[in-house]
Amino acid sequence: MSIGAAGPLIALAVVVVVFAALNPQFRTLGNVANILDAAAVLAVVTCGTTFVLLLGSIDLSAAGVMAASSLTVALLVENTRNDADYGVLGILVAVLLGAALGGLSGLLLVLLKVPSFMTTLGVSAVGLGIATLLFAGVQPGVVDAGLRGWATGRFLGFTHLTWIAAACVLVGWVVQRHTRLGRYAMAIGGAEEVLALSGVRVAPYKVAVFTMAGAFYGLGAVMVTSQLGSGVVQAGADYSFSAITAAVVGGTLLVGGRGGVLHSTVGVLLLTVLANGLVLVGVSPYVQGGVQGLIVVVAVAAAAAPLRHRNQVVK
Amino acid sequence: MSARPEAGPQPGTSAPPVLEVRGLVKTYPGVTALDGVDLQVRRNEVLGLAGENGAGKSTLLKALVGLVRPDAGEIHVRGERVRLRSVEDAADHGIGMVFQEQSLVPNLTAAENIVLGSEGPGVRRGFYRWATMRRLAQEQLDKIGSTIDPLARTDSLTFAERQMVEIAKVLRIEQRTHDTPVIILDEPTSVLEPGEIETLFEQVRRLREFASVIFVSHRLDEVLDVCDRVYVLRGGRAAGEIRPADAEPGQLHRMMIGSTAPEDHYHGGAAAPPATSRQPLLTVRGLTGTAFRDVDLDVGAGEIVAVVGVHGSGREELCKALFGAVATSAGEVALDGRKLSLTSPRAACAAGVGYVPAERKTEGMVGPMSVADNMTLAKQRVRCAGPVVVPKRQADVVDSWIRRLSIRTPGRRTAIGRLSGGNQQKVVLARWLVGGDVRLLLLDHPTRGLDVGARSEVYRLMRELAGNGVATLLLADSLEEAIGMADRVVVMSDGRVVAEVPCPADGKPSPLDLVKEMV
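Chains A and B, in that order, are what the protein sequence lines are.
Residues in the first sequence are numbered from 1 upward in steps of one, following full-length UniProt numbering.
Residues in the second sequence are numbered from 1 upward in steps of one, following full-length UniProt numbering.
Any given hint could turn out to be false.
Computed from the model, here is a short list of chain A residues facing chain B with C-beta under 8 Å [said to hold, decoys possible]:
1. 183
2. 186
3. 187
4. 195
5. 229
It should be emphasised that the hints constitute simulated quantities derived from the structure, not laboratory data.
Don't be surprised by glycine CBs; every beta carbon is placed ideally from N, CA and C.
Next up, chain A with everything else stripped away, as it sits in the complex (with noise of 0.2 Å):
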């Protein structure tokens, strides 16, 4: 791993040990369950943005999806709307939902040539609209014992979500570095036409990692149903760009090809101890934002600057 490569990694290094020596309640072993906790539906999410960003596409479909995903999943355990009590089944059913939408993203993307940016933004939009019809004004509790006990159980010291985003991150991770799905991601993100030339059709594969991120959107929205406890249309109201902000962070460029699942996660917990440190040591919530944006611009100018070169063209 080269230094540019480590630098997320150093800059979370850096920020534990300054929050670890400024605030002694930053270092307990409660906090750190707390803070992965945090993280969890996060790391979910950027584990499906970080294959489209992969692509070298951007996909901003997870707000709309994940409404979509947490008002089914409320609506098909056992709720307080309606006698549904499915279970498991339920869950399955609004992760398959949310590979749907993402799916849909990616044959609108390789059918009709919309750039990923608009196709996703307009599946954002259908997501929010299945939502918000499912949500018919009256907000939908959960009473499932088991999805509610995804937050509150624990497990070793950690709540479910964090076992279950470790799970997925570990899932990303080997399809990322060991299935061919997730090595063409890497190659069409690193020079589409090499694929094209070696006489790979490239569209299944577009279309199969759109799927996939959606499916990721789908379980963190069943995660974010869990720890609110009802089925909400703001499920994922800023999930999008967070998850974005973190693979950046953490390496994944918008440029594709480069980083990956274990780089956005890094990105995801530095997001995630800057928010929870400045808490702990006393920032102001009103600048709480504005210092948090400002970390994460130097840390993503830091990271780009071996890239630099005179003339560059910036987008």
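Since the structure of chain A is already known, use the hints to place chain B on it.
Positioned in the frame of chain A, the structure of chain B alone reads:
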């Protein structure tokens, strides 16, 4: 090469050719790239393909790998007529090419690149089996005796190593035909160091044991060194065939250049260039950058100096560096006695330097913008009062230049992309003239892609500007153009100035003299 295996007929025998091209024609609007090319590739031979830029080499190669569909003519592979529609098609017939711009996925391992698209047992149920991938790649690398680690990331390899990976990749087509494949190497030496070139030649000789090779290069010494036979292309036709063994020195040079009479149109009927004082306006001393070293160069006011050299000579980079567009590490440049800052194109513009880039469509103009906006792009002050564009002022300036350069356009508001190439180029040139302060013009292939008529108009304009005392540094499209236009020709090779040839109107050197210095 005395111990050749018995298998496979020797080159030069009467066995049917592996690949035969008959009367191949390809025309693009305004250009005939291939004008009835005939070519035969025999089993286990290295066939050289030589020719100047624009001779049709790359079009021919593209036709052979299915990237270009010829308008007429036939391609026969092992005696059977084929139509090649894609790279895949060509590979199925055992024809593969190592592209000039390297075509590997940089962020994958060498092994993945080698088996890309035909992983076979390397992937099972979507999962990579790295040990198998490694073995498959190693088999290919072993064929060419390469010691590269198959699991190394491609962008961590040197250019020479990547080329080996590409050759190893192309060799996989062997499995599709079970017969002698045809491997095309397009300008394989252009990115290599001298030591690496020697290694490549060994590889080529090794390849000949089990493949036919088409070796393309504009370096004649290389072609003569490594090839069994050499075809020379000129103007889209096969100008002749040479056997290096019994080639007389200079023969290849003459075939490449032909015996065209010096063309008159460089002077556009204008009188002989004015004998301006040759006080150097531009002085370059010891300029060093990534692609050139210790360049000394003078250009006088009213003088046109052409820089010639093959691909990789560093002349394009030198031109960009003088405009501040690429970084330099050492050296001094002065314009009219004042030090010229090479920190940015902006500084160069302010000092009265103009630059016409080679890639007109991507670097020279903004296609959807109007003629007027393109023309005033670099000199906003001619159309502005403070920060505000004054339409009347812009109209006056632009219309007067449209008239003076007889730019054929429906009007100044027409998008420049809708004009013909020649008229576009005149607008790009006018960009440096509207300010009235241009001292030095850097012209990088200013006539590229223009037809004869448009060319002579650009030539006339260059003459006129030189007559007004503008110093011009010209990277010409062809040697004829360099000789025809220039007062002096500077030859660059491997990043250095190796010769300077005076080029007065009454004593032009022959292209042959220059080619000898270039290669």
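- Query: Which of the stated hints cannot be reconciled with the structure, identified by number in ascending sequence?
  - Reply: Result: hint 5 breaks, nothing else.
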